[in-house]
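Trainee: Chains A and B are the protein sequences, given in the same order.
Under my numbering, think of the first position of the first sequence as 1, with each following residue one higher.
Under my numbering, think of the first position of the second sequence as 1, with each following residue one higher.
These aren't lab readings, by the way, just hints derived from the structure by calculation.
Where hints are given, some of them may not hold.
Covered, in the sense of this in silico footprint (three residues per stretch, anywhere, with C-beta under 8 angstroms from a C-beta of chain B), are these stretches of chain A [as the list claims (entries may be wrong)]:
1. 159-169
2. 607-615
3. 644-654
To be clear about the criterion: a stretch of chain B counts as covered by chain A if any three or more of its residues have a C-beta under 8 angstroms from a C-beta of chain A, and this derived list gives those stretches [stated by the list, open to error]:
4. 195-205
5. 248-257
Every residue, glycine too, gets a C-beta built ideally from N, C-alpha and C.
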Amino acid sequence: MMISSTTALIILLMSSVVIFAASVWRRFRLLRLGKRDNRCDRITERLRSLFLTVLGQRCVLKSLSPQDLSAISHCIMFWGFIVFVISYIILFGRALGIGLLSSLSKSTTFSVFSAFLDILGLLIIGAILWAAFRRYIIRPERLEPSLDAAVILIFIFVLMMTFYIQEGAQIAMTETGWRFSHPIGSAVGSLLIKINLKGDLLLKIATTFWWIHTLVIFGFLIYIPYSKHLHLIASPFNVFFKSLGPRGVLNSIDLESVDIEKGENFGVAHLSEFTWKQLLDLYACAECGRCRENCPATIAGKSLNPQELIKDLKVHLLKSGDDLLCKREGTNLNINSSLIENIVTEDEVWACTNCYSCQEQCPVDIEHVQKIVDLRRNLVLTEGRFPKEVRRTFKNLRTYGDPLGMGRALRSDWAQGLEVKELSEDSKVDILFWVGCSGAFSDMNRKTIVSLTKLFKKAGVNFGVLGKDEKCCGDPARRIGNEYLFQKLAQENIECMKRYGVKKIVTACPHGFNILKHEYPHFGGEFEVFHYTEYILDLIEESRLRITQSINERVTYHDPCYLGRCNGMYEPPRKIVNAIPGINLIEMNRSKEKSFCCGAGGGRFWMQEEMGKKGLNELRIEEAVKTKAEIVITSCPFCLTMLDDGIKLKELEESIKVLDLIELVEHAV
Amino acid sequence: MRIIVCIKEVTHVYAPVGIDRQTNLIDPEGVVHVINPYDECAVEEAIRLKESVGGENKITLVTICPPRAESILRDCLAMGADEAIRIWDDAFQDLDSWTTSFVLAKTIRGVDYDLILCGKQAIDTNAGQVGIYLAKLLNLPLVSAVIEVEHYFPQKKVVTVQKIIEKGNREVVECPLPALFTVEKGLDEPRYPTLPAFLKALKKEILELDANKLNIDPKKIQLNSLVRMIKLSPPKPKPTFTIDSSLPASERLKLLMSGGIAKKNSTKILEGKVRDVVTQAVQLLIRQLGKESKQHSF
Numbered sequence: 001m002m003i004s005s006t007t008a009l010i011i012l013l014m015s016s017v018v019i020f021a022a023s024v025w026r027r028f029r030l031l032r033l034g035k036r037d038n039r040c041d042r043i044t045e046r047l048r049s050l051f052l053t054v055l056g057q058r059c060v061l062k063s064l065s066p067q068d069l070s071a072i073s074h075c076i077m078f079w080g081f082i083v084f085v086i087s088y089i090i091l092f093g094r095a096l097g098i099g100l101l102s103s104l105s106k107s108t109t110f111s112v113f114s115a116f117l118d119i120l121g122l123l124i125i126g127a128i129l130w131a132a133f134r135r136y137i138i139r140p141e142r143l144e145p146s147l148d149a150a151v152i153l154i155f156i157f158v159l160m161m162t163f164y165i166q167e168g169a170q171i172a173m174t175e176t177g178w179r180f181s182h183p184i185g186s187a188v189g190s191l192l193i194k195i196n197l198k199g200d201l202l203l204k205i206a207t208t209f210w211w212i213h214t215l216v217i218f219g220f221l222i223y224i225p226y227s228k229h230l231h232l233i234a235s236p237f238n239v240f241f242k243s244l245g246p247r248g249v250l251n252s253i254d255l256e257s258v259d260i261e262k263g264e265n266f267g268v269a270h271l272s273e274f275t276w277k278q279l280l281d282l283y284a285c286a287e288c289g290r291c292r293e294n295c296p297a298t299i300a301g302k303s304l305n306p307q308e309l310i311k312d313l314k315v316h317l318l319k320s321g322d323d324l325l326c327k328r329e330g331t332n333l334n335i336n337s338s339l340i341e342n343i344v345t346e347d348e349v350w351a352c353t354n355c356y357s358c359q360e361q362c363p364v365d366i367e368h369v370q371k372i373v374d375l376r377r378n379l380v381l382t383e384g385r386f387p388k389e390v391r392r393t394f395k396n397l398r399t400y401g402d403p404l405g406m407g408r409a410l411r412s413d414w415a416q417g418l419e420v421k422e423l424s425e426d427s428k429v430d431i432l433f434w435v436g437c438s439g440a441f442s443d444m445n446r447k448t449i450v451s452l453t454k455l456f457k458k459a460g461v462n463f464g465v466l467g468k469d470e471k472c473c474g475d476p477a478r479r480i481g482n483e484y485l486f487q488k489l490a491q492e493n494i495e496c497m498k499r500y501g502v503k504k505i506v507t508a509c510p511h512g513f514n515i516l517k518h519e520y521p522h523f524g525g526e527f528e529v530f531h532y533t534e535y536i537l538d539l540i541e542e543s544r545l546r547i548t549q550s551i552n553e554r555v556t557y558h559d560p561c562y563l564g565r566c567n568g569m570y571e572p573p574r575k576i577v578n579a580i581p582g583i584n585l586i587e588m589n590r591s592k593e594k595s596f597c598c599g600a601g602g603g604r605f606w607m608q609e610e611m612g613k614k615g616l617n618e619l620r621i622e623e624a625v626k627t628k629a630e631i632v633i634t635s636c637p638f639c640l641t642m643l644d645d646g647i648k649l650k651e652l653e654e655s656i657k658v659l660d661l662i663e664l665v666e667h668a669v
Numbered sequence: 001m002r003i004i005v006c007i008k009e010v011t012h013v014y015a016p017v018g019i020d021r022q023t024n025l026i027d028p029e030g031v032v033h034v035i036n037p038y039d040e041c042a043v044e045e046a047i048r049l050k051e052s053v054g055g056e057n058k059i060t061l062v063t064i065c066p067p068r069a070e071s072i073l074r075d076c077l078a079m080g081a082d083e084a085i086r087i088w089d090d091a092f093q094d095l096d097s098w099t100t101s102f103v104l105a106k107t108i109r110g111v112d113y114d115l116i117l118c119g120k121q122a123i124d125t126n127a128g129q130v131g132i133y134l135a136k137l138l139n140l141p142l143v144s145a146v147i148e149v150e151h152y153f154p155q156k157k158v159v160t161v162q163k164i165i166e167k168g169n170r171e172v173v174e175c176p177l178p179a180l181f182t183v184e185k186g187l188d189e190p191r192y193p194t195l196p197a198f199l200k201a202l203k204k205e206i207l208e209l210d211a212n213k214l215n216i217d218p219k220k221i222q223l224n225s226l227v228r229m230i231k232l233s234p235p236k237p238k239p240t241f242t243i244d245s246s247l248p249a250s251e252r253l254k255l256l257m258s259g260g261i262a263k264k265n266s267t268k269i270l271e272g273k274v275r276d277v278v279t280q281a282v283q284l285l286i287r288q289l290g291k292e293s294k295q296h297s298f
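All chains, full assembly: derive it from the sequences and hints.
Mentor: Structure (structure tokens):
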């Protein structure tokens, strides 16, 4: 039918493919600005996650909820897109007269396929209309009514409409006016016949709409790399190359290898200091807003907005990428491309609580936290710029080995009268109990570790503590970006534990747990690490601890980020709570994967709240109050302190209180 | 401008040092050695001056301390000082302010300088004399409690400085160079060294001097001491009422600014005759105690 226009079609096809390929190539070249990072290990695991997350659409289905049904329309559009792409390949093949494809297009299987395609189109139109209605009329919090989104929706809508009209006109020209392979097209055809369209006019309609359809496809192809729909291309790769390790782990800087004489930076000050994978993250962003919707800092009105951060970096990469490429080749060395000040503000960088909520919710596995920490590292290590109050924390860590500046002499005071074994006296213990700085020094957290000690004794656990030899695990230093300080502390702790031949560790704090379990191995500290929730649950299940008392209280459980999201331990603490008779556990609105950070993570505990902004702990307490619980339970000393602060700030001391899980257990045993 | 900063390592800090509970003596394990905070401010001031004044600048650190003080010297080098001199001799163990300044003066006479900065006092002895004696020994004008060197006029070789006087008022003083200033803690905290600077400072050479090199007779130096400590008595503990320390700092500030730290628990002023007030107070306490014991149980 279109034989006369074949040349035009070929020219258009070729030119749009060339334009598309050129812009994709440019983006690919920009990726190579980034530093090396080997992401080609564990291929089968990667393929599996690619298959499930992309083809299986787990990316969006994981956030499917009665409030947010957008996943369904995304699935329809995604699978529809795949099917249509296949059909386009066949149809263009036919139009261009490629033998294999045109013979395929005449087979029966193909008619079944095109019937399916026909119906799928209708579903897509439905999904498009609904998506447009949602985005522009309902306007859920997370979606922006942007022009970019509108262009794409209109594109797809026009594609589908022209697809049907063109098809209908063609079918109307035939004698029967009905084709099994095109149920919807046939319906449109009979509609066209009904309004008395005949012969030439139908042909003209068919031709015109076929061309509109084709041009929109080509337009789409050209538009993709310039829009948020770049995620169509980038996100499958991003999912494939994602970090496979446990979530809450930061990469380490090899401090020895940085050549300061050459002016090399610690952390990231310029785009080209990100790894290529971190740059790929930027392309993968679909601007779905899930990170923003779940970021505690954004919710509390702080400067940070994870989606904007990624978008700003992407815009910057596309804008200044060519200059950067030139710079790398050494021709243009005068570009001021420092990210801080120009692209990202310092407040933004410091507002992050490293709670990993953004990464948990991100459908395309963008890794926000590492980027933020990389920016922090540059500010701290190379620039020496960080919130003033943190200076004291750093100095304390360096001088005394704890962030509070209490000194090692007071570290084992909590154990006075409890007869706790210190490894320096007797290192033949099964378990090293890692107390942590907050446990050792803060009055509130001391209760927790005293309870834990009593429980260990009750269960007959042969345990010991490092006592005065223990130092800060390094979590505050590392998350704030002081990698040097962290590595020093980590090395000292590892050396000390190796000296005593430590094998198994139980920690009282999820931050220590995460860092000892996942980050110490990188520095040669391979230990078996448990958080007390796991360990106590085992003791209860083995009946070494018997719960005898019932507690008749309405409680709610606050998931610490580094226990829940970072280590997937949502169930052990809940199992412990539910093992206590009489207790009524009510979940907060945001719990488990969606748990709302208390505001202490990422070293925020040691920083001031942004002027005039509400603390995250206040928001969390508001949420806890809604459950009508009398006690908020948590299993992290920082969460405990923050939530207690929240209660005091809201003056709710009379109606609600916060307790560590272990205190509850001690009471019930 | 060539600046000399005299610094001292102290073993006492704001954090409680370890007390051995058996002997009631300082637990040597719990001792930390840090730079005297006033001296750190002096270093910071020197670096700021160096940054604001163009031309050739050099900051030289001088300290009298055994080898362990190298770490604080390197910290200061990382902050931005250029070179360091460490003076030590076994005879310098227990120098008083007078002999300390004598040794410092001997050293400094061999160095070119326009300005000497000292901390206002050291937080271990609280004497605050070394700077003053040093100015006398070197015959220099002295300005004490300086918080900022404002301007430097190279032609006239004159600086203007801000110094703190009572009630937070400040005086601007003009002083010809060379001079000696003792530095008071300013509003801004000394900078935290960057890692590259720190790594570079680790490689710097520190000039080491001893009694011999300084032409000081180690036997005589102790005899020159003017004062010596005869007794040390610890303070009596005094109960202080402070804001609930578990509150976030911003909240503590808010409470302070709102006029009363007791506001949180609804302040009540009892009035009337002494007898009535006492009765009321006792009742109040009983009520409060009852409330607290309720809170502690489940």
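Trainee: Against this structure, judge whether each hint is valid.
Mentor: We went through each hint and held it up to the structure:
no.	hint	in the structure
1	159-169	violated (count 0)
2	607-615	holds (count 3)
3	644-654	holds (count 5)
4	195-205	holds (count 6)
5	248-257	holds (count 4)
Hint 1 alone, counting from the list given before, is not met by this structure.
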